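Since the structure of chain V is provided, determine the placement of chain P on it from the hints.
There are 2 protein chains.
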Amino acid sequence: MNDLKIRCTPEPTLRRLPLYLGFLKGISDRGRNISCTQIANEFGFDPTQVRKDIAQTGIVGTARIGYDTKDLILQIETFLGWNKKHEAFLAGAGNLGTALLKYNLFKDEYGLDIVAVFENDKAKQGTHIAGRKVLPVDKITDLARRMHVPIGVIAIPPEAAQSVADRMIEGGIIGIWNFCPVALKVPEGIIVENARLSTSLAVLTGKLHNLLNA
Amino acid sequence: MNDLKIRCTPEPTLRRLPLYLGFLKGISDRGRNISCTQIANEFGFDPTQVRKDIAQTGIVGTARIGYDTKDLILQIETFLGWNKKHEAFLAGAGNLGTALLKYNLFKDEYGLDIVAVFENDKAKQGTHIAGRKVLPVDKITDLARRMHVPIGVIAIPPEAAQSVADRMIEGGIIGIWNFCPVALKVPEGIIVENARLSTSLAVLTGKLHNLLNA
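Going down the list, the sequences are from chains V and P.
Oh and the first sequence: position 80 is 85 in this note's numbering, straight run, nothing missing.
Oh and the second sequence: position 198 is 203 in this note's numbering, straight run, nothing missing.
Just so you know, the hints here were simulated from the structure itself, not pulled from any lab data.
Being a predicted model, the structure only gives us computed values, none of them experimental.
There could be a bad hint or two in this list.
Identical copies go unnamed one by one, so any copy, or any two together, can satisfy a pair.
Here are the simulated lysine-lysine pairs, DSSO-like style, with alpha carbons at most 30 Å apart [claimed, not checked]: (1) Lys190 / Lys57; (2) Lys57 / Lys129; (3) Lys112 / Lys127; (4) Lys127 / Lys89; (5) Lys30 / Lys107; (6) Lys57 / Lys107; (7) Lys75 / Lys190; (8) Lys89 / Lys190; (9) Lys144 / Lys57; (10) Lys127 / Lys57; (11) Lys138 / Lys57; (12) Lys138 / Lys75.
The following block holds chain V by itself, in its conformation from the complex (with noise of 0.2 Å):
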């Protein structure tokens, strides 16, 4: 039921369930009962959304009591798979990647775990980051089949970044998390989600930019 339920949840749902998540888990006392209206008035939303964005995980509330804090974090990363362990490949052993790698930033919270990196530059190739060696760009397509790894994280060069999408594509990967400035050209049925971090700095930068001048 889940899985059908969440083939038809709208990317804006998606969007919004982990700022729930973030705030249900800064809740001091867990114990607690909480409400839609009390998530909606802390994002400053409409407590119908927020009901309906909670109810495409499948969870039942009580009227008037709501939800048990605890059940409905573990529905919620239930629903968002990150209680699952997604095994995932890294293009790109330079400043983001290593970080990416060597932090594991995203392993224990949300499931994400790299388990092999490739890189174009020789000079890294065949050295260790992170207890990982560095492997070639071209053992992406071949490894990612045998090993059956389902997410290709892209941290390359933006001149790089659609040829390794193409390898990682060619070898099974179904969904890309893209760090790179670029627009990816995929099949229809690729997972293409941008993390654009460089975007977000540049509005920030922009607006700032602007208020200093002004």
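Okay, now just chain P, sitting in the frame of chain V:
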């Protein structure tokens, strides 16, 4: 003139300009000219929209020739403030904070210069990360005021995010780059840009979870 223009720049334009920049930087032969139509084709955008976005930066193209690629890169970078240095305070010396600090991910390309780091965890206070001493969070306000730092980066556990934002704003910080999955409440005139990495990952794993279980 630029200042007046950026003040009116729509946020979608600020989000698209870094995409164009990534594409332009990936062009191997930068001696060539580039047209709005070529850029639009790369991203599947409307050429008229690309022309309007680029016009916001103040550069003037030549009919049927387009823009000099090098000039256009410089103009967009200047417009976004990326060739200026922006000093920033970082709150949070956990995995993400350490990665941001140690790898200086955004310094060279985007001019974000993290000059000090603050942390609630007493065990980390007094230690050094990437040559910077980790300071207690309650020093943020005084130091921000003395150093005239305009940007605060928040990569601290969600429950501490709001109080850290309050301290930053009290110290005169006017732009906050928020990596926490919480909705910060700030006075009018303060810029908050949410990096939302976890949200981006949620969309990816949520969709993938569905595909794999369908």
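Structure-based check of each hint:
1. Lys190 / Lys57: between (33 Å within a copy, 24 Å between copies)
2. Lys57 / Lys129: neither (48 Å within a copy, 42 Å between copies)
3. Lys112 / Lys127: both (28 Å within a copy, 25 Å between copies)
4. Lys127 / Lys89: Result: close neither inside a copy nor across copies, 34 Å intra and 32 Å inter.
5. Lys30 / Lys107: Answer is both; intra-copy 25 Å and inter-copy 28 Å each pass.
6. Lys57 / Lys107: So Lys57 and Lys107 fail the 30 Å test inside a copy (38 Å) and across (41 Å) alike.
7. Lys75 / Lys190: Between copies only: 25 Å across chains, 41 Å inside a chain, cut-off 30 Å.
8. Lys89 / Lys190: within (28 Å within a copy, 33 Å between copies)
9. Lys144 / Lys57: Intra 44 Å, inter 42 Å, cutoff 30 Å: neither.
10. Lys127 / Lys57: Result: close neither inside a copy nor across copies, 51 Å intra and 41 Å inter.
11. Lys138 / Lys57: neither (45 Å within a copy, 46 Å between copies)
12. Lys138 / Lys75: Neither. Shortest intra-copy (39 Å) and inter-copy (37 Å) distances fail the 30 Å Cα cut-off.
Figure legend: structure checked against the earlier numbered hints; hints not met, in rising order: 2, 4, 6, 9, 10, 11 and 12.
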